[in-house]
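Take these sequences, add in the hints, and give me the full structure.
2 protein chains.
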Amino acid sequence: MAVAKREEFKAEDIWLADIAKALSHPARISILKILTDMNVCMCGDIVELLPLSQSTVSQHLKELKRVGLIQGDVDAPKVCYCVNNKTLQKAKKEFDKLFNKICAC
Amino acid sequence: MAVAKREEFKAEDIWLADIAKALSHPARISILKILTDMNVCMCGDIVELLPLSQSTVSQHLKELKRVGLIQGDVDAPKVCYCVNNKTLQKAKKEFDKLFNKICAC
DNA sequence: TTTATCTATCGTATATTTACGATAAACGAA
DNA sequence: TTCGTTTATCGTAAATATACGATAGATAAA
Numbered sequence: 033m034a035v036a037k038r039e040e041f042k043a044e045d046i047w048l049a050d051i052a053k054a055l056s057h058p059a060r061i062s063i064l065k066i067l068t069d070m071n072v073c074m075c076g077d078i079v080e081l082l083p084l085s086q087s088t089v090s091q092h093l094k095e096l097k098r099v100g101l102i103q104g105d106v107d108a109p110k111v112c113y114c115v116n117n118k119t120l121q122k123a124k125k126e127f128d129k130l131f132n133k134i135c136a137c
Numbered sequence: 033m034a035v036a037k038r039e040e041f042k043a044e045d046i047w048l049a050d051i052a053k054a055l056s057h058p059a060r061i062s063i064l065k066i067l068t069d070m071n072v073c074m075c076g077d078i079v080e081l082l083p084l085s086q087s088t089v090s091q092h093l094k095e096l097k098r099v100g101l102i103q104g105d106v107d108a109p110k111v112c113y114c115v116n117n118k119t120l121q122k123a124k125k126e127f128d129k130l131f132n133k134i135c136a137c
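Protein chains in written order, with my numbering: chain H, 33 to 137; chain E, 33 to 137.
It should be emphasised that the hints constitute simulated quantities derived from the structure, not laboratory data.
Calculated pairs, DSS-like style, for lysine-lysine (alpha carbon to alpha carbon, straight line, at most 27 Å):
(1) 94/H <-> 42/E
(2) 37/H <-> 65/E
(3) 118/E <-> 97/E
(4) 97/H <-> 37/E
(5) 53/E <-> 37/H
(6) 65/E <-> 94/E
(7) 118/E <-> 129/H
Keep in mind the model is a prediction, meaning the values are calculated, not measured.
Here's what the structure looks like:
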């Protein structure tokens, strides 16, 4: 149960909710900012900047990658992470669309 | 554990993550749109439009109210819900700020 | 070949989220 | 007062999320 009902909503709302879910932890917002600030972007670099263990940071990266907000290029054993502009642009557009609808700004 | 580390991040990131959390379920995005479309806005009206029970809708409303995205004016036993423009404006601004930083748009 | 480095994943514990039915509380109407 | 309407909350169950340490796998360096 629990998450099954989610699929009964509009695809557009499900997509944006999923992006919002990826942004729903400050660590992941922080990671996106770090990836923007740094050009070199390994998991280990991020671990040094956050109060989280390596495995936890790796999980957060996985969640961001799941929705396509970031991508990881493997250069084993390293993985170079960077933001995915295509998805970010779509996310920005869809958030704008939502707020323009629901907010009298 | 689990959610304790959340507090160790920047207040700005925590706030936006919390707004994103409130937007992380399609039912809640849908509710915000419904509240915008309708001027009369009772919990029961929303229940009729969504594939969810009354108690579940009430919980979603509570989550939106928790972060201040909506407000409920009690006219017992009814509660008239509407969007809170002040918080929406701030959310819009903060999302813009985030995307302008991390997205090469 | 052996060692060091780096990251993903496994196993695990705890907390939170999602969903529902039942029920209590608040009030207007009969 | 009694009944109907409306909503929040309680209790509960199942699924997810968060966090960590340990470890396996991949490769570069020694």
